[in-house]
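Chains A and B are the protein sequences, given in the same order. Just remember that this note's numbering sits 20 ahead of the position in the first sequence, which is counted from 1. Just remember that this note's numbering sits 1140 ahead of the position in the second sequence, which is counted from 1.
For the record, the hints were derived by calculation from the structure and aren't laboratory data. As the structure is a prediction and not an experimental result, all values here were calculated from the model. Please note: incorrect hints may appear among the correct ones.
Claimed, not checked - Straight-line Cα separation of at most 20 Å, DMTMM-like style, residue types lysine to aspartate or glutamate; simulated pairs:
#1 Lys83(A) to Glu34(A)
#2 Lys1269(B) to Glu34(A)
#3 Lys1149(B) to Asp1267(B)
#4 Lys46(A) to Glu59(A)
#5 Lys385(A) to Glu260(A)
#6 Lys385(A) to Asp125(A)
#7 Lys303(A) to Glu276(A)
#8 Lys163(A) to Glu213(A)
#9 Lys234(A) to Asp347(A)
#10 Lys163(A) to Asp1340(B)
#11 Lys1290(B) to Asp125(A)
#12 Lys1269(B) to Glu276(A)
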Amino acid sequence: MRQEAVLASQIALEANNISVVLGGVKVLDVPSLQVFQNEVLVVIGPNGSGKTTLLLTMAGLLKPASGTILYQGQAANSRAEMLSLHRRLAVAFQDPLLLSSTVWDNVTLGLRLRGVDKEEIKTRATKWLERFGIGALAGRQAKTLSGGEAKRTSLARAFALQPDILFLDEAFNGLDSHSRESIIENFQSVLRETRVTTIMVTHDTTEALALADKIIVLMGGQIRQIGTCGEVFSDPVDKEVAAFVGVENIIDGSVESNESGIITVKVGSDSVEAVSNYSRGEKVSLLIRPEEITLAVSRASSSARNSFGGAISRVLSLGALTRIEIDCGFPLVVLVTKRSAEEMNLDKGRQVYASFKATGVHVIKR
Amino acid sequence: METILEGIKEAFLLLIHGDRQVVQVAVLSLLVSGLATILSLLVGIPLGVVLALNRFPGRQPLVSLINTGMGSPPVVVGLIVSIFLWRSGPLGLLQLMYTPSAMVIAQFIIAFPLVAGFTLATVQQLDPKLRLQIISLGASRFQMVWLLLKEARLPLLAAIMAGFGAVISEVGASMMVGGNITGQTRVMTTAIVAEVSRGDFALAIAFSVVLMILVYLVNLILTIIQQRTKAR
């Protein structure tokens, strides 16, 4: 009994039998979904899969045709209840959606609407503008900001609200790769620090891997898979999910050394080299796309920094491509063309050598 | 040719000396059209907002009705108002016919569809997600509408200009429900018509000049506000 009570209090949001109908078509059908306190839940899926609809519904901005949503066990039905619910949440969209006014006015708007004390507004707005590196822009007109600055303003505005749950809808989309990376990094560190319960939507699997505690794969308005990054990316439930996530190899290890941007990562008894800036001792996940790996039947010398020998444990034909799993101390999934597989006689049990470049490894912090 | 030159010369003399009749007519024009514009804003803006943000049965015909109203001929509006205000009409007891109040009513009916139509278009043009963003920031319904209107303030100024411009320059309705009574319901447009038909071109030109200057000044002020807000 007591344990159940503790568990219930850890649930930030619980949705049951949610369905959303738009223009006579059922666009979302979610029988059950729980989001725990301090959890970062990332919803991924192709365009038109209902991600944004799911997010808007969870954020109380779209009324579902049926179903219930409980926020810390409480439903919000009447207009007054909805208002007080919105005043406990925060949402940031793909467009920063700033009002034609100064950055300061934008960041403080939600706080003013929520009737937060004046001194407190000043403290919080100052803190979050600084935290997102835009303290100097407080007096600027929002409409004159660059894309990256506007995005930072929108994030500062959301965090200043200190919400119970933070909702992000493709919030890092539409930026050039440089500012995108720096904003995601900034966001990641803020997220670690605040540990705010977050539900975010993205079509970018790398973003999901970098930020998620838990991933939901949404397709055709239905949840296909819920799980950790490892579960979803290395063990997709079906072909469609596998095709969407790109069947990643995810290998956990810890950084052994870093020599001018080339790190050596200890994975079991093996070492993998990768291009990254993480320093010694940091725990990382190595992501290697199956198409980045080449196979050879004998150990040949090549410019690839990584080469591992192992036996083929599984062969699966996918039409023009063949998916091969190798056990080389750690499991590795490789995609080769059907013709190569036939010519090299890549059958189960055969000893092969897998190699991939240090630049073919994507490193994320665990 | 001589008549025109003579007329312009006399017109400027009337203006320079601040002719009492000219001033009185100009002031009444401003009062009637200003009041009608303010009333049309009070009704038209909320109506436009409601139509922009809600979907309900009967909305479509209502929007079409407003769009029709945006182009309704002032003479027809004058006729309808006359029918209602006529001594034997449904509102005849109010004895408003041939008073400035009747003119305000007629001009209000001309202006408010313009204001409502412009407001509707303006609010609908805002990103639909902006509304969700404002709600998610914790705005009540009233606060949300206020913030949306504030966001659309520049195009809304165009609505005010359109409304005022339409009523200060209309003549048909004012003539019908006001009657162009000297010293009581004579406004600049009706005065111009009357003076021209009497052959007094000088007075007609004087009124025209004042009318143009007035319209120009009002639009100048609104444009300055609009441009300054944009530049900030």
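Tested hints:
| no. | hint | in the structure |
| --- | --- | --- |
| 1 | Lys83(A) to Glu34(A) | holds (15 Å) |
| 2 | Lys1269(B) to Glu34(A) | violated (25 Å) |
| 3 | Lys1149(B) to Asp1267(B) | violated (54 Å) |
| 4 | Lys46(A) to Glu59(A) | violated (28 Å) |
| 5 | Lys385(A) to Glu260(A) | violated (27 Å) |
| 6 | Lys385(A) to Asp125(A) | violated (36 Å) |
| 7 | Lys303(A) to Glu276(A) | holds (10 Å) |
| 8 | Lys163(A) to Glu213(A) | violated (30 Å) |
| 9 | Lys234(A) to Asp347(A) | violated (27 Å) |
| 10 | Lys163(A) to Asp1340(B) | violated (54 Å) |
| 11 | Lys1290(B) to Asp125(A) | holds (13 Å) |
| 12 | Lys1269(B) to Glu276(A) | violated (47 Å) |
Checked against the numbered hints given earlier, this structure breaks hints 2, 3, 4, 5, 6, 8, 9, 10 and 12; the rest are met.
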